[in-house]
Each structure stands twice: as structure tokens, then as C-alpha cells.
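Participant: Got chain A sorted already, so can you dock chains B, C and D onto it with the hints?
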Amino acid sequence: MSDPGYTKSEIMIAASARLLAGVRNCFVGVGLPNIVCNLAQRTVAPDLQLVYESGVFGARPERLPLSIGDPTLVSGSTAVTSMFELFAYYLQAGLIDVAFLGGAQIDRYGNLNTTVIGDYAKPKVRLPGSGGACEIAIHARKVLVIMRQAQRSFVERLHFRTSPGHSGDPEHDRARGWWGSGPTNVVTDLGTYGFDEETGEMTLLTLHPGVTLEQVRENMGWEPKVAPDLGETPPPTPEELRLIREELDPEGVYTS
Amino acid sequence: MSDPGYTKSEIMIAASARLLAGVRNCFVGVGLPNIVCNLAQRTVAPDLQLVYESGVFGARPERLPLSIGDPTLVSGSTAVTSMFELFAYYLQAGLIDVAFLGGAQIDRYGNLNTTVIGDYAKPKVRLPGSGGACEIAIHARKVLVIMRQAQRSFVERLHFRTSPGHSGDPEHDRARGWWGSGPTNVVTDLGTYGFDEETGEMTLLTLHPGVTLEQVRENMGWEPKVAPDLGETPPPTPEELRLIREELDPEGVYTS
Amino acid sequence: MGSKVTTMRDAIAELVRDGDTVAIEGFTHLICFAAGHEIIRQRKRDLTLARMTPDVIYDQMIGAGVARKLIFSWLGNPGVGSLHAVRRRIEQQDPEPLEIEEYSHFGMVCRYVAGAANLPFFPIRSYYESDIPKVNPNIRWMRSPYEDGTEVAVVPPLRPDVTIVACQRATPEGDAQIWGLLGCQKEAAFAADRVIVVCEELVDESVIRRDPNRTVIPSIIVDAVVEQPFSCHPSFAQGYYDRDNAFYLKWDEISRDPEALDAWLKEWVYDLESHADYIEKMGPAHWESLKPEPATSGEVNYGRYA
Amino acid sequence: MGSKVTTMRDAIAELVRDGDTVAIEGFTHLICFAAGHEIIRQRKRDLTLARMTPDVIYDQMIGAGVARKLIFSWLGNPGVGSLHAVRRRIEQQDPEPLEIEEYSHFGMVCRYVAGAANLPFFPIRSYYESDIPKVNPNIRWMRSPYEDGTEVAVVPPLRPDVTIVACQRATPEGDAQIWGLLGCQKEAAFAADRVIVVCEELVDESVIRRDPNRTVIPSIIVDAVVEQPFSCHPSFAQGYYDRDNAFYLKWDEISRDPEALDAWLKEWVYDLESHADYIEKMGPAHWESLKPEPATSGEVNYGRYA
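Read top to bottom, the protein sequences are chains A, B, C and D.
This note's numbering puts the first residue of the first sequence at 20, with every later residue one more than the last.
This note's numbering puts the first residue of the second sequence at 20, with every later residue one more than the last.
This note's numbering puts the first residue of the third sequence at 930, with every later residue one more than the last.
This note's numbering puts the first residue of the fourth sequence at 930, with every later residue one more than the last.
Chain A on its own, in the form it takes in the complex:
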């Protein structure tokens, strides 16, 4: 395959940013989600307000934040709140429109594992655990997942369900006082997915330019459901690439 003129990270960023069109606020993580949100602010969502899990609103960072708790996020922001208020009054109250999640494993219903590989009591790999992800999965109005695809991460069966996605049972799905609609989109290095409204199953919507369905199949642990009108992900525009490369990540920390 010839050089398409952009990296895998760059098309993941551009495809994700477009999903934020018209969104009012968003829970931001570090790394790719941070670039995604900042790109969306400059393109499809000029009114997007960034909310950091550390409790910062309206940040105007003067440098690329190294973590969601970077002091550059605080200086010049519009509000700082305690963790209790952030989780209780914003997230649990349903004020957060969109949040990003990822994980070591995802299943076809968008359930995520960030806890252990192997058995919980005797794990092969001990992962970080939930952090705020369990609550975010339940209460953010929409959840976007950005993950690279591989057999070991897109699995038939999670080793541990840290953050709930869909149940696969429309009667039962998210019935107990949840506020969010669960995962709505997954953006990978190979394509983009939605979730079937009836069954909650992940459904391939577009392939990135040059990617084949076969490659997708090779990199996931179940036979993917494919949208009848499977399309191609529009590549990053020159303006998107300029913003990413010149303004958002000039040192290529997250995008190379």
C-alpha cells in the first residue's frame, strides 16, 4: 500500500473528531482523545466545552497537557471542582454529553476490560482498574471508544467486565436507572463502528482507505457484523492534518 499521506493515528483522530459535530461538552482524556477534542473545537464543534476528569472546566492549556491533571489545565480555566462534585453533580447528573473510553479488551457489545488479563485473583497482567470508567460508561450520554484493533483486544469474551456496554438483550439493556445510551461508536486503526440499536452489537460502518474486510476479520475475535451500506472513512482533510501537525501535536507525541 502506498503512503496515504497520513498516519493511522491521524485518521483515527480525524474520524473521531467528526463524531463530535454539534456536541456541547465532552469528558476529555489524555493522549488521542485530547487531540480529538481540540481538533473538533477547531472544526465541527466550535462551542465544545472540554471537561477534565480531574475537575477542570474551560481549560486553555498553554502547552500539550502531560496528564489530565496537568497544572497547565488549571491556570486560566473557568472553573475547578472537587472530585465529588465532578462525579456527582456533572457525570451522575447526566450533564456530560460525550466521553471517551478505551481498554485492554472490548467485546462485541462494547463492554470494556481495564482490570485484569487472566483470572482476577491471580492475574496474568494487572491493569489499572476502573478509574472513572465504570461511571462514565453508565452516565455519559454517549461513549466513544478509540482503540487499535487486534485479536487480543477485540475479544469474544472479556476476562473482566470493568465498564458496561450493552447487554445484547434489548429488554434488559441499561434498564436500571442509567443515564447514558452506552457506547455509540468505536474508531480503530482499521475502520469505524456503530452499535445496532436493537441488539447493541458493534457494526462496522466504514473501512479506512486501503483497509480490507479481511484485515478487520483478522484483527478481531468474533465475526463482525457489517453495515449493509459499508462505506469508506473519509481521509483527514488537509486542514485537519495542518491543525493536528502544526497546532495540536507539533512534536508528534501522539500522532506519529
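Hints are supplied without guarantee of correctness; some may be wrong.
With the Cβ distance kept under 7 angstroms, some of the chain B side facing chain C (calculated, not the full set) [to be verified]:
no., residue
1, Ser73
2, Gly74
3, Gly88
4, Pro90
5, Met102
6, Gln111
7, Tyr139
8, Arg145
9, Pro147
10, Gly148
11, Gly150
12, Gly151
13, Ile157
14, Pro183
15, Thr225
16, Tyr273
Pairwise CB distance ranges (calculated) [claimed, not checked]:
no., chain 1, residue 1, chain 2, residue 2, range
17, D, Glu1228, B, Gly137, 48 to 58 angstroms
18, D, Asp1133, A, Asp66, 40 to 50 angstroms
19, C, Phe1176, B, Pro269, 21 to 31 angstroms
20, D, Leu1131, C, Ser1135, 29 to 39 angstroms
21, C, Glu1228, A, Leu249, 56 to 66 angstroms
22, A, Val63, C, Leu1131, 26 to 36 angstroms
23, D, Asp939, A, Asp66, 45 to 55 angstroms
These are computed hints drawn from the structure, not numbers from a lab.
No residue lacks a Cβ here, since even glycine has one placed at the ideal position from N, Cα and C.
Facilitator: Frame of chain A; chains B, C and D shown alone:
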């Protein structure tokens, strides 16, 4: 009776202040309790920290506060907190050593009515209601009551129990996760009372100088229990009177 | 994010609807009388008024007939005495009954917290042996599922249709900063469906951004911003003006007499177009007399991390 | 109120006891590494360490063998990767097992709130369909007693024996002010039996009294006050110094190798008398490099009401 050289308010203040000897902190109200606490700070409890129900700690008022929410309490204080934190983290957590309560009616077990005179649904007089009194009665480590005595206020049977005192039943008394020990002292214009440790019944400890047991009986709705060693309340000292009159209430708003 | 700045008239007209549950909060401090007056002026009806400490502004509103119900924890003219218009309605159904639903202070605070946090109930160690739960079936009991088995009271969430919060300063978008007594304004605002912020001063966002820890109400929950100096008179705004205690004393007289109350409402609310007229009518000397000497906070350094 | 000022050595010696539950809180900001190092230096044992986000300081403490149990919600070296010493103990029981009890962030926060507020449980809309409650029997379920009947999870109170909070400035009595990220320090402090405040600067109470709304921890709950500049390195103190990101990256290497970890502990903790030695050893140029340019808050007026 000849002029004793002090007013009824003044002996009530002095007798109450002495009850604060060694106390570390106190929930302050306006009016008499405010003067009482300030007098105690200058005499028997130099380390007494005043906590206002409005959420102010370490106040240094430059004038006599007109209410517990006076701005003079805030300027120059050491901390201001929200009502939630005040009630949850201080009062409910058992950090408040002493609080003052009063009411339209009190019974022999120190239960207080600040809600209605008459029937709740069709009251003769609608009183302010609980405010924070119900929680204060339950959680302040000790509760002091300052009230003038009369048949209509020291009653056999409350019209409404707003704030719990003792139950009269030692088995059952304050059994359900309470932190305070309930009302410990009552100071009136006639004398001072404690509460029997076994039965929780109000017990006359001292008569103010010149007051007779008969006067006490005439001004309460039940036959008072009297301590075997009934004594006389020590009158305000010249220094206490000087502090009250010159420093704490020079205009005699609360003490004349 | 656009500006949400509007007039008090438009904010009340658009956001407060007949039958709404309305909370004008503030614990002695920053009580937005100007909003209450505008609600009276626009003759809103059948409101449920919620507030920890219904005081003079609720006596005025209830006396003016805007409310059918009151949810509260302490009813009075602080430091003075009774609310006579409220009492007439409760004690004598004069001129009509007033439904009441009452809690203790902490119960009211926890109702707002539950509303703000989207919790179906909030636990509180209170009401033991009190008669309050006997007259309020919304106060219920639950037992801890842990080994202690402690029994606690619970209160349900309170979710006002509209909460009105006064503050010292806010941006046009609605990021609002408050200092001095905080009451339960933050919780009441987050619990509400719609939020009106009334500020003494509208400031550029650069002022707010210099001290983000001081922001109490974030723009994300704010629907309208009204700049209205002295909106809290006769209550106070820390650093801006003092409580007008003479008025609280005077209100005791006025509200004892229904005719005097009506006359006061006519003179000071109905016959005026807005709070600007009220300020003018009160006269500059009055406002000057309520102004404190300055006592500034000092600065802290947030640091520039570039 | 007397001064509670003491040295880090005395504060840890007197207030942290073998077997205690200890919380050194701080969400990326104001993490008191110096207190953790002193706990290592004094070879405390069998501690239960609680913290929302165990990071490098807990990896150091757990690597040094002070703890038998960890209560947490997110385990990692933020922005870098894993905590290798902790992982060795969980994955390989090397050199001994580490008991764990895990929640989500909000679950941990609510445990502290319940501890601070003396509540027997705290309700939270979380854990639905998650496996976390399956491995943590402390997470239980309750149903709302109101008409909605909503089912919520509950968590029990967390009451550390000792909470250690770093702050920018405090008085000798312990009134402490924090700006920037607030994490859950206030809740963890109120929940604790004993509280140690570690400040970058000890200030006269007049500084605090000029801006009482900025006080986060009140002296009433504080047992000891330690003045210790740079106590949070390699984490940061807003306005005082930046995060030392190079150290976080370096720690990833060090902690992968138990011998390197031991050597680091020897060089930077055991062989030093105190954090003053650590500061000196790091050298003034290092500290200078972490210092931000000033960006001040501006002032507000509280007013003088005399």
C-alpha cells in the same frame, strides 16, 4: 427583692458561660448564646472556637453580629464552608462539642418544640420550625438550653416534638446511631438544671440568688425534680459584668 | 459559548412558569429580592416555593399570592421575628390556604444534594424521635446493609424547575463566583432544570479565569445571566453592601397588616418598572450608607505553565 | 489554639502506627511524596494504603514493604504506564502477596464522603452490569424507598486512621488553603481519625483570614502541621512547581527491576535524614527548572463591617 446589681439576662449569661469551661468548640446562635460564647472565650474557655451555623469558623466580628449570617462574621474569619459540609462533615460527624438550643416549649426530658402551638394542621401559632435544631439536638456532643421559664413554655406535654431530648426510658434512650448525649443543662432566669443520668429527667441544680423553689414551681408545668444538694447560682462576678457591659454588649441589646 | 445576558424581566418571563417549583436560595447572604419582586410584578401564580429559610422575600411573594405551596426548614424574619403574611395563610387560611412541606435544615440541604447528584434518596442521621417525619411522609427510614445495621432517615431529591442564584460576579456565559457565605446555592442550582444567575457585576471572562477555584456555578448549567446591582437588598452581598437591618425591622410592621403589605407591594413593586426604579427611588445616599470599607483577599499564584 | 507545627519525622513517628489505614490523597496534584518517604524511612509495617490513584509514591512504599493491603480505584503511573512493584506483588506475590480492595473513582470518593459525613453507607448509581461488585463484597445494592424504586449501589464509609494532605499554605494551627485541583483531600481528611497537613509555606493566620473561602482543611480536624517545601516532588504544587515528568518516566525503568528499586530507595530515602537532604541532593538548578512564571489570581473584596 433588692436590686442584685445585675439583670436576669446577665446571670443567665454568666451561668451559661461557666458551663463552657474547657470546651474546644461550640455552635453559636445569635442573641444570648453569642454573648455567652464570647464571655466564655474571655474567661473559662480561652481556646473555645466559635462555629456559626451559617458556615463560619474562627470569626473575629468587628461589631455585634445581627444574625448568624452577618457579613462581619465572614471578614477576617479562618474558614467559610457550605451548608452541606457544615451539617455533614462537622455536625453529623460529631465534631461539635457544644450547641445551644431554645424553643417555645420544653418538656421535662429536654425535648423542644419550635414548630407549632396548637395542632400541626391548624396551628394557633406557627413557629419557625426546626432549622438545624433537630440535627443539633441529635449530634452536638452536649446541648445547652437557655430559656426564660413560664408555665406556657415549660410544659408537661409538647404540642410538637421538633428536636429530641431524652426519652425517659434508659433502655431506649438515644439508641439509634446518635452522636450526642442530648441536653445536659438548662439555664433559666430562675435557676440552672441538669439531667438525671439514669432517667434523663431535668433536675434543678441551683436557684439564682433571691429565687425560691416556689417561684420555680409556679413557672413550670410539672413538679420539678430537685437535686438533693440544691445550691445557689454564683452571681456574675464584677469581671464578668464588666466584659458583658463594656465589651460584649455595650448597647445592652441582649442584656438589659 | 454565547452570551446569556438578558434583563430580569425577560429572564423571569421566559424561565419561570405558573405552577413551577422555584428556589431563590441564599443563607442570609445573596438572597435575590429583585428576582422575587419581578415574579410578583409579573403575577406568576401557583408556584411551589422552596427554600431552607423562607424570609422576607418569600413573605412578600406569598403575601402577593404567587405561591400555593412552601417547602422549607426554617420560617422567619431572621433576627426579628415572624413572617406575618405566611403565618396568616397557615394559621387562618387568609386569604387562602398555603400547603407546606417541612424538613430540618440538613434535610433540605440533602434534598438539594440528591437532586444535584441524581440520587433517588439521600441518607441522613436525623429525625430520630422527632415529630417531623410524622407530618412529612417524604421522610422515610432505611437500614444500613452493612454489619452495623444503623437505621437512618432518607429524604427524596428536590429538583426545582428554576433556581435563582445571586452572586457577586459572573461572565456573560454564566460562570459565577461567590465569596462569603455559600449556603446551598451550588446544590440548588445543580438540582434545577433551569438556572438564572443574577450578578452584582458582569465581568470579562479573563477575571474569572484568573481564579478558577472561586467559581461556584459553572456556565454549563446556567440558562440566563442578569446584571443587577443591589439585587439582594435588603439582604447583603459580601464586599458590596451590608444588610439593611432597618428594613427587616420595618417589614415586621408592614407584614402584620395586610393593607400595609398591599400598599408596600404597590409602591415598591407593582408601580415600578424594574429594580432600577427601586434603586433610584431608594436614593443614592441609602446605597452609600450600606457600603463597607474595603478588605481585600490578597492574591495567590496559579503559575503559568507554558 | 496552639501551634501544631512539628517535623515530618515527629509527625509520622507519632501519628502513623504499624497496622494503620493511611491515605495520602491528591489527584495528580499535591501528592505528599515526602510523607511517603518518611513512612518508608521509619520502616512502618502492615499498613493498609488507601488512595483513589495509587501512583509512584505508593509503588515506592509498597516496594519498600510498608503495606499489606491496598484500597484503590486506579492503579498506574499516570501518563506513563504501570506500577511494577505493585504488579509484582499482585501478579507474582513477589516478595509477598498484596491484598487489594477495589472500587471505581466515584466509589472511592463516596467512601470518603460517607466517612467524613458519618454515614453508614453512601448511594451511587454505578456498577450496573460491571464485574467489580463480584470481586468486592463491600459494594452492595439498595432500592429507593420512593415510588421510583430505583436500585442503586452503595459503598461503606472509609475512615483512615491517618490522612496526609499537602497544601500550598497553612497556619501553625492547621487552617490549610489549596488552589488548583482539589481531588478528594477534604473528604479524606474529614473522614480520618488523625490528619497531618504538610504545607509548602507556613503563613501567619492573617494571610488565611484575608480569604477564608479559600480554606479547604480547617484547623479543627488537624493534628500536626509540617512545613516542607517541595514535599510533593515529583508531583506538583500549583503555582509553586511543575510536575517533574522526567522522574515519572525514569521510575518506570527503576521499578521494573527490584534491585534498581532497592538501590533507589537506599540512595534517595534510607540514606537521607529527611526531605531537606533530598532537596539538597537534587540541587538548586533542578528546583529552579520546575518553577512556573507567575500568574496571579487577582483580589476580591470581602468588605470591612465594623
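Participant: Please go over all the hints and tell whether each is borne out by the structure.
Facilitator: For each hint, the structure was consulted:
no.	hint	verdict
1	Ser73	5 angstroms, holds
2	Gly74	6 angstroms, holds
3	Gly88	2 angstroms, holds
4	Pro90	5 angstroms, holds
5	Met102	5 angstroms, holds
6	Gln111	6 angstroms, holds
7	Tyr139	5 angstroms, holds
8	Arg145	5 angstroms, holds
9	Pro147	4 angstroms, holds
10	Gly148	5 angstroms, holds
11	Gly150	4 angstroms, holds
12	Gly151	4 angstroms, holds
13	Ile157	6 angstroms, holds
14	Pro183	4 angstroms, holds
15	Thr225	29 angstroms, violated
16	Tyr273	11 angstroms, violated
17	D:Glu1228 x B:Gly137: 48 to 58 angstroms	53 angstroms, holds
18	D:Asp1133 x A:Asp66: 40 to 50 angstroms	45 angstroms, holds
19	C:Phe1176 x B:Pro269: 21 to 31 angstroms	24 angstroms, holds
20	D:Leu1131 x C:Ser1135: 29 to 39 angstroms	32 angstroms, holds
21	C:Glu1228 x A:Leu249: 56 to 66 angstroms	59 angstroms, holds
22	A:Val63 x C:Leu1131: 26 to 36 angstroms	30 angstroms, holds
23	D:Asp939 x A:Asp66: 45 to 55 angstroms	54 angstroms, holds
The structure fails hints 15 and 16 (numbered hints given earlier, in ascending order).
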